[in-house]
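Student: We have chain Z already, so just place chain C on it with the hints.
Protein chains in written order, with our numbering: chain Z, 1 to 205; chain C, 1001 to 1305.
Rather than coming from a laboratory, the hints here were simulated on the basis of the structure.
Remember, it's a predicted structure, so these values are computed and weren't measured experimentally.
Possibly wrong hints are sitting among the right ones.
[Claimed, not checked] Below, computed lysine-lysine pairings styled on DSS-like, alpha-carbon distance capped at 25 Å:
1. C/K1241 to Z/K136
2. Z/K35 to C/K1230
3. C/K1267 to C/K1297
4. C/K1018 to C/K1031
5. Z/K136 to C/K1031
6. C/K1241 to Z/K150
7. C/K1264 to Z/K136
8. C/K1230 to C/K1031
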Amino acid sequence: MDRGFLTKIEERLRFVNLDPSVLDRYPMELSGGMKQRVVMVLSTILDPDFLIADEITSALDVSSQRFVATLLVNLREEGIIGSALFITHDLSTLYQIAERIMIMYAGHLVEIGPAEEIIKRPRHPYTKALIASLPKVGVAYRERRLSGIKGTPPSLLNIGAGCRFRERCPYQGGQCEKTPVREEINEEHHISCWRWKEIGSDNIA
Amino acid sequence: MPDKNYILTVEGLSKVFKSGIFRPRYIVAVKDVSFSLPAGTICSLIGESGSGKTTIGKLILKLIQPTAGHIYYRGREIGEIRNKEELKKYYQKVQGIFQDPFATFNHLYRIDRIFDLIYDSFGYDRRNKEEKIHRVLTDVNLDPGRTLGRFPHQLSGGQLQRLLIARTLLMDVEILIADELISMLDASTRIGILNLLVDLCKKNGMSILFITHDLNLGYYISDYTMIMYKGRLVEMGNTKKVYQNPVHPYTRMLFRSVPDLNRKWDKGEEFLPEQVVHEVKEFYRRHQGRHFEEVEKDHRVLFCD
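Chain C extracted, bound-state conformation:
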């Protein structure tokens, strides 16, 4: 049974996709992933494209069904949530924001109508509607007067991302899956959105699963870090510990490729992204028989799959 102290627990989660009809191929997107998310923390899930990080987000949001394993929200297996009412309650508490804010909105509706619909569909008290919508917009530094009457295409990417955050505030979300939330924004807008997100998380006790491939961002905002490689979690723990003392060869390769303004890449070092496949194989071979092990407190590494 999952520990009640965690708001979300994932146990032995796997997802296999089938592609093709006549000669189907099976793609293992997520393989035996387990982790727990304490309430009120920010946890980043870092991996490259195709590593399965987005699949994990989708599984938690019940957009796809797991092939094996369990996801518990407040101790309850989410696969058991089937009827419409319960599902609605779940989505009131667990929400996702994705990379492309333009794709999230219905472009035929003005912002006020979008917020009205959300508010009404979750059956909140109608009397406070206007006041509450204004308050959440102000919380994300948007001017309600200048925002509500507009269509999504009249707003910038940064403003739309703020609107999505406002939406989660309107619904008292407890777990936010933020998938590459700011990848499409430019450098000066990014940090504002990030700060806003962390402030709100601390203020409202929201937990965030921050999915990204940017290690700099991960370090900046997260309490915990999980590194994914080829569908598996290979290293996880306290952010500082993982960054200061990376053990898995894949994590080490990632850190070597981060561009840093204080340090230049070593020109003499031969750097091939493909090489990591062999390094990981060799690492697993050396540590045969071992599995997930703690290397220090709050820092675990996959030694051999």
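Next comes chain Z alone, as it looks inside the complex:
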């Protein structure tokens, strides 16, 4: 292997806090958190402009989750990667690192906007329900019972027109039978919901 390239790999391994001796080890000898870091070195070794990170923290322990998620931000700040798309179902971790958040439901875009606005002032009924259903330290069953979202996601076979969340939505009404168009709340924040203006942004959390 090219000496310069090897040096680059070793540098990157140190950047993710791994000893370069991992190069002599087999994957099965590494822990989950270490493996994920090796994968991050592998996938960013060519300094990509854009990185798609799909559920990279889901299988990790909480402490490794924080390390790996923060690492992604550091890689960007060091200029090693350009931008990243962090695909996840873990909103709490996403909020820690993302500038913008896009919420999807059953294949449709629901809401997209600055992370702070999406979490603190969610507008779409689905985003609101999703945030309200997240357990967090300080909320105990005995004191405050959280509610999930009624029903199950629709089958995507022959789903037809209309808002895909309507069956489970507390604000369901006449227009919802038509597929909602994407509207602008402000320049940065877009939503697909017929009734977003009447619903408002009262926070639930």
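Tutor: Only chain C this time, still in chain Z's reference frame:
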């Protein structure tokens, strides 16, 4: 002798695994663990992968044998349960639900056959069979008509987890070992399953050992919390007290890494999961000679191993 007020008592439990044949290595998965589970409570066992939490669940379920120590169910050492009849009785009262519901079911059997088999094998009164199976399914918010005729692969992960809970209801389970029960479900389904579990626990007086690595979930459902690190219990007690006043360096590190929607991680703070090894060593060195001690009522910490 174990206290009769507790439904389950674990005393000095250890498990060592041997790996390799020619040059065996010994892995201490669980080391000197003791705790008691009062009837009708939910106790979460929190730790990272490899900390030994699943091993404890398996030991209680008698899926593996302990290297040392004792487990008492209602005052009786479970190692003494050997004959088939008694073992069956034990499993009628002590059951486990694991992370992957797809792996738990026999995929060649329809749901009605699975429930029939469970019902028959535990020798319940055959006359009420159908009625009882319908009732437990309704209790977990499943429609018996739409569920019983199906195969496991035709149901969603959330529905299968509900079925597993229904199974425990059918058997009048007293202790449920729930190992990462909802880790595979998505956010909106999770809370429904959790609520269901706690409701049933309160209604039927079932005790739950809730094994998880998710501190948010642990806080939400449990009365007691136990933190495991490298095979040892390092901090345990009343959930609120442990969360409000964590003492052990490992527990403190865990709380610093929990993602919270109301607070962002401190960007300036250098955070390395590996560092905790040194912090724990230093903590033990400082407190040499001490062991498990009460820091306040219902809150104990391991100061030095």
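Student: Take the hints in turn and mark each one as holding or not.
Tutor: Hint-by-hint comparison with the structure:
For the suggested pair C/K1241 and Z/K136, the alpha carbons sit about 16 Å apart, so the restraint of at most 25 Å is met. Taking the CA atoms of Z/K35 and C/K1230, the gap is near 20 Å; set against the 25 Å cutoff, the hint holds. Pair hint C/K1267 plus C/K1297 does not hold up; C-alpha atoms about 35 Å apart against a cutoff of 25 Å. Between C/K1018 and C/K1031 the alpha-carbon distance is near 15 Å, which keeps this suggested pair within the 25 Å criterion.
In summary, the hint linking Z/K136 to C/K1031 is not supported, as the alpha carbons are separated by about 30 Å, beyond the 25 Å threshold. Simply put, C/K1241 and Z/K150 have alpha-carbon atoms about 33 Å apart, too far for the 25 Å limit, and the pair is violated. Restraint check for C/K1264 and Z/K136: satisfied, since their Cα atoms lie roughly 14 Å apart, inside the 25 Å limit. Distance hint between C/K1230 and C/K1031 is fulfilled; the C-alpha atoms sit about 8 Å from each other, no more than 25 Å.
In summary, the numbered hints that this structure violates are 3, 5 and 6.
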